[in-house]
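Visitor: Here's the letter readout for the chains.
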Amino acid sequence: MTVLRETWIVFHRAMRLSLRNPMWSILMLSQPLMYLFLFGPLLKPITAQISQGTTTNPYQVFIPGLIVQLGMFGAMFVGFGLIAEYRAGVIEADRVTPASRIALMAGRVLRDVVVLVVQSILLLVAAIPLGLRAPWGGVLLSLVIVALLGATFASLSYSVALITKSEDALAPLLNGIAMPLLLLSGILLPMQIGPTWLQRLSDISPLKHVVNGVRALFRGDIGSSSSLWGLFWVVLLTVVGLAVGARTFRKESA
Amino acid sequence: MMIEARGLVRTFKTKRGPVQAVQGVDLDVADGEIVGFLGPNGAGKTTTMRMLATLIKPTSGTATVAGCDLAKDPVGVRRGIGYVPQSGSTLPEAVAGDEVVDHARLYGVPKAKAAADGQRLFDELDLPGLWRRQCKTLSGGQRRRLDIVMGLIHDPKLIFLDEPTTGLDPQARANLWEHIRGLRERGATIFLTTHYLDEADALCDRILVIDHGKIVASGSPDNLKQQVSGDAIRLSLADGTQAPSVMKIVQELNGAVEVETDDDVVGFRIQRGGSVLPGLLRSIDAQGIELHGVEVHRPTLDDVFLTVTGRSLRDEDPTAPLEKKEEAVA
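The listed protein sequences correspond, in order, to chains E and Z.
Residue numbers are given in the UniProt record's numbering: position 117 of the first sequence equals residue 117, and the series is strictly consecutive.
Residue numbers are given in the UniProt record's numbering: position 90 of the second sequence equals residue 90, and the series is strictly consecutive.
Just so you know, the hints here were simulated from the structure itself, not pulled from any lab data.
It should be emphasised that the depicted structure is a prediction, and the values quoted were computed from it without experimental measurement.
One thing to keep in mind: the hints can contain errors.
Taking lysine-lysine pairs in the DSBU-like style, the calculated list, with each CA pair at most 35 Å apart, reads [claimed, not checked]:
{"id": "1", "chain 1": "Z", "residue 1": "K136", "chain 2": "E", "residue 2": "K44"}
{"id": "2", "chain 1": "Z", "residue 1": "K225", "chain 2": "Z", "residue 2": "K214"}
{"id": "3", "chain 1": "Z", "residue 1": "K248", "chain 2": "E", "residue 2": "K251"}
{"id": "4", "chain 1": "Z", "residue 1": "K225", "chain 2": "E", "residue 2": "K165"}
{"id": "5", "chain 1": "Z", "residue 1": "K13", "chain 2": "Z", "residue 2": "K214"}
{"id": "6", "chain 1": "Z", "residue 1": "K72", "chain 2": "Z", "residue 2": "K57"}
{"id": "7", "chain 1": "Z", "residue 1": "K13", "chain 2": "Z", "residue 2": "K72"}
{"id": "8", "chain 1": "E", "residue 1": "K251", "chain 2": "Z", "residue 2": "K225"}
{"id": "9", "chain 1": "Z", "residue 1": "K72", "chain 2": "E", "residue 2": "K165"}
{"id": "10", "chain 1": "E", "residue 1": "K251", "chain 2": "Z", "residue 2": "K136"}
{"id": "11", "chain 1": "E", "residue 1": "K44", "chain 2": "Z", "residue 2": "K57"}
{"id": "12", "chain 1": "Z", "residue 1": "K157", "chain 2": "Z", "residue 2": "K248"}
{"id": "13", "chain 1": "Z", "residue 1": "K225", "chain 2": "Z", "residue 2": "K157"}
If we strip away everything but chain Z, and leave its shape as in the complex, we get (with noise of 0.2 Å):
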């Protein structure tokens, strides 16, 4: 295990009292595993990823992470960790390879390695002839992978990023998912937050959903969208009138579910469509009726959501304890 958490809870004092921003967390990540933890702003994310990277101090609960005791080791952790923050880490007037080795270097490792890893992992982050530019001149998506330069320099084997996409265009952010990818090839175990549905969709192996310092689901990206209650199916008519028809042979389907018609289509749900659609359409066939066209939606992130907690993950909830809070008390 990379990552092994139980019971995490970390409170802030605000001038309203405390808050419970993560309220008993218990994760598992292992070797080589791609681990999404999503949720909205202030769900929790990035504090429980700060307590895991010992930036905070759990109020409670115990970790232990590369192999090391948070609470007993945290030097440990940090030599087993690469952590990838929101904020950057290179200063805008500081040179870029500087900056990289003097990171390195308070990891061990020497002048002339750090200098010679550092600019081999510009070119693998394709930030080629940036070694002598001045952070404040890079593009916000090369100012991102330079954060990640950083965060891979002493070849960590466990990396947290940070929402790696977060203000990004959406070129900036497709390219930074390729090198994210890539870096599991390095035999890395990778741990990021995000609060985009499609970005764990594309990179996670298996994501954790937190809502309100809780762990709510968690599985793989298809595991969780399977429960919700399968594929929403929609069938156009060409006849509107043959629509009653047609929704006795879907009452007929297994398993199919929230069967409704709305003039000339009809729709419903049901568990891997994919696989009943030839059936049905032969069925329907067989009974003389045309259709006009068929769509299939597998369900998303989003419908998983809303699911298991009632509410999109695009409101903003104002009952949420805010992450930006703990800045002032920390």
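Pulled out of the complex, with its shape left as it was, chain E reads as follows (with noise of 0.2 Å):
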């Protein structure tokens, strides 16, 4: 397959930069890893009431929620890096080229799934000294849900840098969705204790979903009504996500 082997060739050229300025994806990690020890100490107290009795440990809650915002705002942002792509003229030039309009894009994705799971990973090892435990199989699916999430943003942060073309029409717009989105989804705190009003708006979020379902995978419920929602949500988000990715790299590019 051609398109596999482009995608291969665009993956294996922006796995070799990442690599080359390691800065930028530690710094990313530094951000969740803050989270675990600077907040996560403060909901020792609430533990029992936010679980619902099913644990005393903060990170077995907290943890779940951090793995997802790493894989939404670790991928959120790599538009930024397609724009200085694109001013140097290196989108230009891979478009004369013959390969196929997706490779160029999935690759790019795959590698920043490859960076947000082995920065996931790390972020899991951290938390194991904290007291995190979980069943294997919960952790993998886990880990799969974040790669799935992380495609989906980069795939939308790809569109949106390529339709924009322009950092200062990319920062503001990417802040304004990515607030909501993360006060809705539940991750710092789990929305069953707050208002029904405010657990009613968050049931729109399809991300609040998510991390229920990784909450659920994490207790080792993997069969569980909660974990089933998560996956079927972040299919339903790559799918749409990958298709106007798709969609914008075929008709941004003639």
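Take the two lone chains and join them into the complex the hints point to.
Guide: The structure is reproduced here in structure tokens:
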């Protein structure tokens, strides 16, 4: 398959560039680590309440949210890198090659997914000394969810970057989307402890269901309705995200 | 024919309504030619080139480029062409050789062949020892030659160069011209845009002058210059009072136009000035008139541009559709 071969070439180039300058990936990881160490302990006194008595360890509740947050925010801002490539003429140079337009996007998205999964694993390892315990199956499925979420947000970010072609437009746009998504997702605190109207409002956000699903997977409830809904939503998001990305890459490339 | 385009039109939507950047361009480029697209900023040069390179779709019109139909087989066109954009084609942080090899691989060139061809091109284009260097450490001229390596790496039949020397210092320009001439020896056809007259003059077999999205003149540089009413000749007299006699001699010359005098100088225009000069000087000498000096100015492409458009190429035209606008809507 030429598309796969071309995707691999684009992935390989993008990965090499990320590894050349790993500072960016390390900085991206510092944000969830700070949440882990500086925000996590605050949850301790209310853990029993927010977990409905399933655990007293705050990290059992908080880490699933954090890796979803990483999947979302880590991928959301990759568009800035694409704008830098656009300004340098790289996107144009890619487009005059006969390579599939899908491969030009997919290769870059794949790089972002790999970076995110590695960051998530590091985050999970860092949480083990803090008392995080979860079944292997649940953790693996959660990493798949993070990967899919990363692919979704990376594709969307690339699409918006390719349409706006401007950092000045991209930054407020992404922040405007990220804030409500974060607050309504229940990443920081589970929505169950909020008032009913806020819970109903958060029901609209697919991310809340994804976070609930990952929490269930970390508890080991792999077949529970929470985790199945989480998986359903993340797959749906991925299909939509990749479709939008693919369409933009094709259309913007005439 | 390497390029055969008929009625190419491109309209951009802007906030103030549609702007027709290219308004019906017909052009033919034969195999092995170096053809230049000359025009002021915003004339539609880059837009036309980007259409021919499959980067934007024509609003209407048809074209065959490198043997493939632009609308039906854009991938075939892409295989046959190399495009060297104005904006560059490599990431500052990336290693030059890596960018070249990855680019080649997107054309299906195997890795080892891409590296070998790339290193050979680095030697040919005067980039020795820069294969492992980060792109941002190269000079402006080196960076532009690296872009040309990127455009040549899959050995295309047709090469598009968009403003190849814009922003380069004079030495780097002259050097790049040498390299562009060298490309012809590879048997490649070259289509370039420029807003420098001397560049079009120095490089091109044929020039298409474009203004306001339309081709307003075309021909070889010499051919175009002959459309201007000939060479300008200025005769400086030792004694200004003899000017009327000299004017009389000049007026008797076949084809002399714009005969004027200013103190001790007589000026006029005539086709092939160099060949009428010996006879003219003999006639002047025969009347015992002494000359201080003779100047012959060949017409420049600037004169051509002035003749066909009524304004100088250096005038910025505020009504011209800015090609920048396409970035936002294309």
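Visitor: Which of the listed hints are broken here?
Guide: 1, 3, 4, 8, 11 and 12
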